[in-house]
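This is what each chain is made of:
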Amino acid sequence: MTDRVTLTIDGKQVTVPAGMLVVDAAKKVAVHIPIFCYHPKLGSAAMCRQCLVEVGRPIIDHATGHPELEDGFPRIQFSAKLETACTTLVSEGMVVLTQSERARKGQKEVLEFLLTSHPLDCPICDKGGECPLQNLTMAHGPGKSRFLFDEKHHAEKQVPLGELIFLDRERCIQCGRCVRFQENVAGEPVIGFYQRGRSMDIVSFSEPGFDSVFSGNTTDICPVGALTTADFRFGARPWELMAAASICSQCAVGCNTTLNTRREARSDGQIVVKRVMPRQNEQVNELWICDKGRFAGYHYTERDDRLLKPQVRRDDKFRSVSWDAAFLQAAEKLQDAEKPVFLVSGRLSNEDLFNLLQLADGLGAETLLYTNMGGGDLTGMVGLTSGSNLADLGLGDVILVVASDLQEEAPLWWLRIKQAAERGAMLIVVNPRETKLEKHADYVVRYAYGDEIKTIQDMNKATHKIHKVFAKAANAVIFYGSEGLGLEGSSGLAGACTSLLVDTGHYARPNNGLVGVWQRANDQGAWELGFRPVKDLQVIFDKSEVVYIVGADPVGDGAVRLKKRKPFMIVQELLSTDTVGHADLVLPARAFTEREGTYTSGERRVQRFYQAVPPRGESRPDYEIVAEIAARLDTALEREPGLVMDQLAEHIPAFGGISYLKVSEVVEQWPVINRSELFYGGAVYENTQGLGMQLRPAPVTSFPVSKGKGGLRPKEGLLLAVPVNKLYDQGLTVLSAPLLRERIGELKVCMNPDEADRLGFENGARLRIGLNGNNAKALLVVDPTVPSGILLVPRSMGLPIFEAGMPVLSKVRKKVTG
Amino acid sequence: MNFSRSMVLVSSDPESVRRGADEIYALFEKEIAARDMEGEISISRLTDTGRPDAAPIVVIYPEAVVYGPVNAENVKEIVEEHLYKGRVAEHLLAPTRELSGRIGWLKTRKGTLPAEKRIVLRRAGRIDPENIEEYIAEDGYQALAKALTGMKATEVIDVLKESGLQGRGGAGFPTGLKWSFVAGTQSEKKYVVCNADESEPGTFKDRVILEGDPLAIIEAMTIAGYAVGADEGFVYVRGEYKLAQNRLENAVKQAREYGLLGKNIMDTAFSFDIHIHSGAGAYICGEETALLESIEGKRGEPRSRPPYPTTEGLWGKPTLVNNVETLANVPPILLNGGQWYRQFGTPSSPGTKVYTILGNVNFTGLIEVPMGITLREVVNIYGQGMKDGATFKLAQTGGSSGSVIPASLQDTPMDFESFRKAGVSLGSGALLICDENTCVVDLALVLQKFFKFESCGKCTPCRVGTGRIHEILTGIVEGRGTLKDMENLDYLVDSLTRISNCGLGQTASVPINDVLKYFRPELEAHIKLGVCPCGVCPMSAPVKEPAAVA
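Listed in order, the protein sequences are those of chains F and R. Following the working numbering, the residues of the first sequence are numbered contiguously, the last one being 821. Following the working numbering, the residues of the second sequence are numbered contiguously, the last one being 1602.
It is possible that part of the hints are untrue.
[To be verified] In the DSS-like style, the derived pairs of lysine-lysine whose C-alpha atoms are separated by at most 25 Å in a straight line are:
hint, chain 1, residue 1, chain 2, residue 2
1, R, K1569, F, K84
2, R, K1501, F, K155
3, R, K1350, F, K44
4, R, K1536, F, K111
5, F, K147, R, K1536
Since the hints were derived computationally from the structure, they do not count as laboratory data.
Make the full structure from the sequences, and use the hints.
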């Protein structure tokens, strides 16, 4: 059998790989066979039967093995019944008719069946305007129903599957796309069909309802308005929405998104973001985004406490000043200081960071990256390089994930790695406790907290099984995180991982390298540009004269404690953080939705986001603020982001060749998603604004020897608090999304049942936890998957924790009320 | 009802009438009366026989002798010789002809009454079904021994092909061919599945086999495993058949103890084992691909075909799925040979068929008879006539999705080919006999309610269409019908058959299709006149009970 077959669809000849379905082959020649239940990412279900077509195959002469000819053409025999294009595989010489009278009749009948029990509430349906059923009805449907309206199907119309997703049972056409998405793609089968026949219903059987971080995607692929998000529900009509391409700012994956906006009365006539939709990028997020990106993606930019004007502290009160005065004061303070310090975070775009770097250079300032995870210097050297795509990893390749609960930290990476494992890639999960990724792993390596570095170093011994696996693998990628680790520990871990990759030759070529599971969208970019974290931020604050803090909240996070003598703080921010509260000069920045820029993802892909809404107040983009300050210091910096990028590409070798033009390039992606047709890919946006571009491999010949030690080890009889990362935490960007409050919840700490017994705490006990001088109330969750001697404390949930430490626990006494 | 000693049928198709059939009919009446035999012999008309060359035809029961072409002069002789003296008038018999057409069967049965012939039921009721030794004493496991020790796998299949055995689940697919499909696949792992999810209402033939002779199925599956190259089998038993399940479990246990299941059966290299899997009450799981899904632990929903189970069945492996009755035929065929089997039934449908007779007849129950007997014979001979002397109106063959066969087709031989030609289906073997007091619309409504309830909901046409048919019929029996409903019913019937995914949807409309075809006037009476001719349908919406006042 040949690998490619040629067939004819509606008179158009197409050659496709053998094993392809007719419906996909048709797409290749722009023949859009109507479908509801099939989806290119979900495979066939053959439920709706909307894709009925006529299929003919050449009659093979058994004597010769060749097709019988008639007038020089093969004789085609059409099957007696219509076939479903979503289950029929292409074959050589096949003839498909999608528009013949018989095929159209079948398609029309299925549509009529669907419509006889579908409510006519399009005028109030969220899907109205981007609804496959509506579109196909307009194209193929009968004008009038032949059946009794009185006997239409009645069912519940507002059924919460969880607090995020609502089901309208009347509108559901039982295509099962959502069920199959959860089972086949997300791997979290928390919804399913209940009952049979016309009583068949979608139900969620998890607690909380629809407990999946990918749940929002089901609303995109739902071909009717049956599934809607609580976020967008009754929020706007699709045709009122404008669309702007963006990049999700919630983690280091860099999912491509589209922000839908409209001007609306209820927002005082402003243009606001109404929803976040995935935008196709088969190299990054395919057609999906996680619920954090969808439901917390933009709300923080619309908070009431956004900083709208530059302010200075005078007599311990903030006074609004003009930008000019603010720039001048900033410039003076920075110039006068002996060695000013720039503290920046990975929330900033590459352009912001580059201008900051230029300004710091001119001033001789110290540039610091605000993060508690190290190793970015190494990911810059041995990270993924241009031409890498996790979708290419499969049989013969190996992926190792260490010290990271990937689904909580970077859901889309979790998804892509799971898929790679399903394609045959060997997945090794190295973690001190059970995580959701383990279900898909070939090997699970468990170590004690504190042994992270040693564990990886041991693996790098030539006799070790995993070393051999790496040595044999065609490609190898390591994802490392910061579970239980602070700056030093994670740097050391990155070093150990680098050694393993370098020793087995897996670097500086596509689909090989080290990926840091960063917490911010552009941490990788900041490292690439040369920003480095410092171990003790407190010392910096204690001794410096002027600190210029951009996009970071060290005070709110508990990273520094301000003393009586504190530096002059210039704070460039979006929201009124605790750090802003102590600032001397406040510079209001624009949110990523209000400006342009690029982020460098953890996979070292530079991707561009566009302005979606007008700026709030007098806020200005960070790169521009920096350029203005620089101008007051006689340093000319670019103020146009595209030009900043050109400068950046010139100065930073890894960025060589990158420009706005390059990152905006698009090639045809498969599956072909098209908003004008909707039924094939769902309401997902096609990508016309750029697939991004990966950084070059760094020209490195020697690697720094791995230094640093792991975190603290648990000691007999003592409890060790270790930090873990949580998807829905109390960080301002997440907390601003009202919808996620329930999922964020309160601070919950976890320990082993034996440990709880020993300490005399029971599940659900309220504890007061003291750690490094901070304390907070928490709910105790007793969980057998937690190693003994360990107390898991989630980061950004109210109790500052940067690395492992010794907690002090006590029960919160209940107030006795008379 | 008066029992007649004999029954005379005179053909009454247009060709026969043109050639004087009415005159012959009158002459028979006259001649019978002349000999004072009116009380003993009944006379009625036979519809189209499909043999114009022999028209007019006269058939005399119970001998089922066929005379033709008969002319007026012959009548006296037939009455004299056959009815009075009891001798067949050989020279007046219809000429033998190439066996085609609906009357073909009559030749093979010249002068004989199709007596019951028990092949698959031969042991049921005669042996202790829980004792393997009694089974072995009654020829049990001889067929397996013959196959394992003396035959190649292909030879086993060849015998089946020669026997002409067809699937007894309803579709009538040639069994030998199906076996050869599975045998021809290249796979390390193959399965044999016995479909014992007998859930067609009114069908209980498989239950009787399973309860009365469970080891016959175990043996047959083992033979099948040997023939197709499988080493594992599943019996998917209807959930309600608790006794059958227990007996099968017991049979499997005993067979294992005797070394007739498990590793190295009868000290040969062949190994085979069987699991008993209970259904959970869904009608759809009788559909073979839904059944496979159910065994795999998923929702019982049919797969789309192709691929067929023979290539991608249970867990994606080639799988042979056979009905209980089909399998029960295998050991006797193997023991006695394919030609032996062909002596029963008709050339196109050899063998016997187990029927369950239900409805308004004097005898209801199970019979096993050669293929090709007619409904008239079932009603009058095995059913011992209609209850209370009522008139036979229709029969439904094969459970809820079976055809509704009007009295006019009661002389069609019941074999796969003849039924296919007549545009009706034989189905699984349930024969629901209904008399003149049965309203077809009411019957159709009951059946549609069943389908609406049992549709799995996977595919749109069946999920929605079965409900729509039910709604329309409900409207008609409540006196709300319009002529537009007839049009919609016609459309729905056609649509469901064409575009549904599986057998359930494709055959759910069979009964209503037959009602539209054969009983249209009755349906129209409901709509146009607002009356139910049988007085069964309420013809008004049920009055809602007023809420009780406390």
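query = Hint by hint, which ones does this structure get wrong, listed from lowest number up?
reply = Checked against the structure, no hint fails, so every one of them is satisfied.
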